[in-house]
Amino acid sequence: MSEHYDVAIIGAGMSGLAAGIRAAHFGKKAIILEQHNAPGGLNSFYAKDGRKYDVGLHAMTNFVPAKERRAIFNKLLRQLRIDRAELDLIEQKSSRVAFPGVNLRFGNDEALLEAEVERLFPGQIDGFVRLSVAIRNYPDLDLNQPYHSTRKWIKQFVTDPLLEEMIFCPLMYYGSAVEDDMDVGQFVIMFRSIFHEGLARPAEGIRLLIRVVLDRYRKLGGIRKMKTGVKQLIAEDGKISRIVLQDGSEVTADVVLSCAGLPETYALVDPSLVPDESNQAGKLSFSETIAVYNSLPETWGWGDDTIVFFNNAERFSYRNPADPIDLRSGVICLPNNFEFGDRPLKEGLVRVTCLASHDNWCGYSDEEYEKAKTDWFERIQKSILPMMPPSTREYAGDLVATDMFTPRTVKKFTRRARGAIYGSPEKVKDGRTSWDNLFLCGTDQGYLGIVGSMLSGVVMANEHVLKG
Amino acid sequence: MTKDECKQVVLDIIAEIAPDEDLSDVKGEVALREQLDLDSMDFLDIVMELRKQHSIEVPEADYVQLASLDSCAEYLTPKFNALV
Chain A
1 MSEHYDVAII
11 GAGMSGLAAG
21 IRAAHFGKKA
31 IILEQHNAPG
41 GLNSFYAKDG
51 RKYDVGLHAM
61 TNFVPAKERR
71 AIFNKLLRQL
81 RIDRAELDLI
91 EQKSSRVAFP
101 GVNLRFGNDE
111 ALLEAEVERL
121 FPGQIDGFVR
131 LSVAIRNYPD
141 LDLNQPYHST
151 RKWIKQFVTD
161 PLLEEMIFCP
171 LMYYGSAVED
181 DMDVGQFVIM
191 FRSIFHEGLA
201 RPAEGIRLLI
211 RVVLDRYRKL
221 GGIRKMKTGV
231 KQLIAEDGKI
241 SRIVLQDGSE
251 VTADVVLSCA
261 GLPETYALVD
271 PSLVPDESNQ
281 AGKLSFSETI
291 AVYNSLPETW
301 GWGDDTIVFF
311 NNAERFSYRN
321 PADPIDLRSG
331 VICLPNNFEF
341 GDRPLKEGLV
351 RVTCLASHDN
361 WCGYSDEEYE
371 KAKTDWFERI
381 QKSILPMMPP
391 STREYAGDLV
401 ATDMFTPRTV
411 KKFTRRARGA
421 IYGSPEKVKD
431 GRTSWDNLFL
441 CGTDQGYLGI
451 VGSMLSGVVM
461 ANEHVLKG
Chain B
1 MTKDECKQVV
11 LDIIAEIAPD
21 EDLSDVKGEV
31 ALREQLDLDS
41 MDFLDIVMEL
51 RKQHSIEVPE
61 ADYVQLASLD
71 SCAEYLTPKF
81 NALV
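Going down the list, the protein sequences come from chains A and B. Quick note on the numbering used here: the first sequence kicks off at 1 and runs consecutively. Quick note on the numbering used here: the second sequence kicks off at 1 and runs consecutively.
In short, the hints are calculated from the structure, not lab data. C-beta atoms are modelled at their ideal positions from N, C-alpha and C, and glycine is treated no differently. One or more of the hints may lead you astray.
As a list, the in silico DSSO-like pairs of lysine-lysine whose alpha-carbon atoms are at most 30 Å apart [unchecked claim]: (1) A/467 <-> A/48; (2) A/67 <-> B/27; (3) B/27 <-> A/225; (4) A/155 <-> A/52.
Ranges between beta-carbon positions, derived for each pair [as the list claims (entries may be wrong)]: (5) A/226 <-> B/37: 35 to 43 Å; (6) B/22 <-> A/301: 46 to 54 Å; (7) B/25 <-> A/226: 42 to 50 Å; (8) A/221 <-> B/22: 31 to 39 Å; (9) A/401 <-> B/57: 56 to 64 Å; (10) A/218 <-> B/57: 23 to 31 Å; (11) B/54 <-> A/218: 19 to 27 Å; (12) B/20 <-> A/246: 39 to 47 Å; (13) B/20 <-> A/133: 23 to 31 Å; (14) A/159 <-> B/34: 36 to 44 Å; (15) B/54 <-> A/153: 19 to 27 Å; (16) B/37 <-> A/46: 36 to 44 Å; (17) B/22 <-> A/362: 53 to 61 Å.
A few chain A residues that don't get close to chain B, going by computed Cβ distances all over 10 Å [unchecked claim]: (18) 6; (19) 27; (20) 43; (21) 66; (22) 74; (23) 75; (24) 105; (25) 119; (26) 125; (27) 153; (28) 234; (29) 251; (30) 375; (31) 426; (32) 459.
Based on the sequences and whatever the hints tell you, model everything.
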């Protein structure tokens with residue numbers, strides 16, 4: 001006899017945990033099924049050689065002061081009944097969009113970006129201010145908006161192609177599943193969350209956030225099964241009647257929320273529904289290098305950059321590359337360069353994210369893969385040198401540990417088709433699927449990033465578990 | 001239950017949902033949304049907490065009845081009294 005739940009949630013990532021909290025708080029019997037042994041999904045953590053690493057987290061977006069009660073971050077914490085103080089948030093210093101010969105800085109005070117646009121693009125400032133106002137007034141949380149191209153929309157405000165690319169660069173890297181464009185709704189969300197609001201991190205990193213969220217779920221009586229992958233969703237009469245787990249056992253639930261992704265979820269019902277995973281799966285995947293140093297970036301003369309979004313090419317390209325890694329653009333994150341004050345991190349960290357080709361990395365034999373990782377690690381480290389202050393370029397001797405993830409790593413641990421971190425370019429904003437009681441939640445529902453995915457969990461649980 | 005007691009129940013729920021709000025001077029006749037930073041997600045929470053804490057059901061069509069403290073009291077007090 002299989003156990004029955006009010007709601008079964010596939011995946012203990014940020015969206016699944018948030019959905020679980022909402023359901024459990026209101027007395028629903030909830031179970032979260034997670035194939036991996038660590039929670040967090042695309043935002044997780046691991047230890048290697050005794051050192052703790054975060055996956056995914058550069059910074060949390062949407063940072064606002066606690067008093068801004070209408071801001072999405074504070075609303076989210078309210079919905080989850082989480083006390084903000086528990087997250088021990090530390091703000092960024094400032095960040096930079098670095099294109100050939102031009103550096104556009106921004107910080108948690110949005111006035112900095114406006115001043116920078118006025119300084120560097122004096123003819124564009126009026127349009128930029130109008131863009132900023134239009135974004136502030138854009139209706140939010142509309143689950144029925146169809147896709148609109150931002151490339152077309154933005155030209156009524158910004159006419160200098162360089163400024164356009166420099167605005168797109170960080171917003172695409174932090175949350176676009178679409179190549180070289182974004183849905184206007186998604187663009188607005190990302191613009192608000194990075195430029196109007198800002199960046200911060202829990203002092204201890206993603207572990208702290210996951211611990212807070214998990215504790216909340218557990219205290220509410222929510223059930224969580226780790227190392228419990230879902231093998232199949234059985235559909236009968238237009239509904240999911242049973243959930244078959246990897247070990248062959250089954251559970252049943254009134255509502256199933258799947259955080260597995262759009263093509264991944266359909267494939268759980270019937271693999272023949274997704275004949276070619278490249279169809280719905282996202283095309284964009286990434287690699288990240290992590291270099292650990294026994295000295296801190298301030299001793300290298302790095303300055304205040306927390307995150308540098310860089311592009312060296314004549315034209316910024318946000319596409320699946322032909323080469324294993326596209327070295328022309330990327331994101332450099334210095335986790336040390338947040339406002340840690342008198343409690344700095346013990347070691348220096350440099351993380352570099354670049355676009356990477358799923359087909360290359362997943363096509364290698366194990367031996368080729370290890371060799372490619374070593375080669376590309378070196379090439380990435382060299383390629384970022386021009387973006388760094390000259391005095392920082394002589395610290396290679398301080399390197400104590402390295403790690404690197406690739407699309408192959410993402411696919412292995414998250415099962416995302418094509419290792420596509422931001423999922424399918426096609427988002428299902430109302431979460432509905434072909435089956436009455438199966439809903440999407442998380443990346444392919446539409447809200448991206450750590451805050452976005454938790455919001456997705458909340459909104460989908462409200463709509464499909466609580467209101468129903 | 002009196003209407004004033006009913007208003008206090010609603011205020012207690014709002015205090016739980018939005019602990020940062022100052023609830024010392026909420027006017028009964030003015031819409032809650034105009035006095036407090038509450039949005040549709042918060043109103044859903046008021047409904048859900050009423051169900052969870054007091055077994056009061058508010059169908060979606062009746063959410064508008066919760067607009068102000070006075071309208072909450074009008075609408076909810078009979079529901080509370082019907083429970084006993």
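What are the numbers of the hints the structure violates, in ascending order? 1, 3, 4, 15, 19, 21, 22, 23, 32
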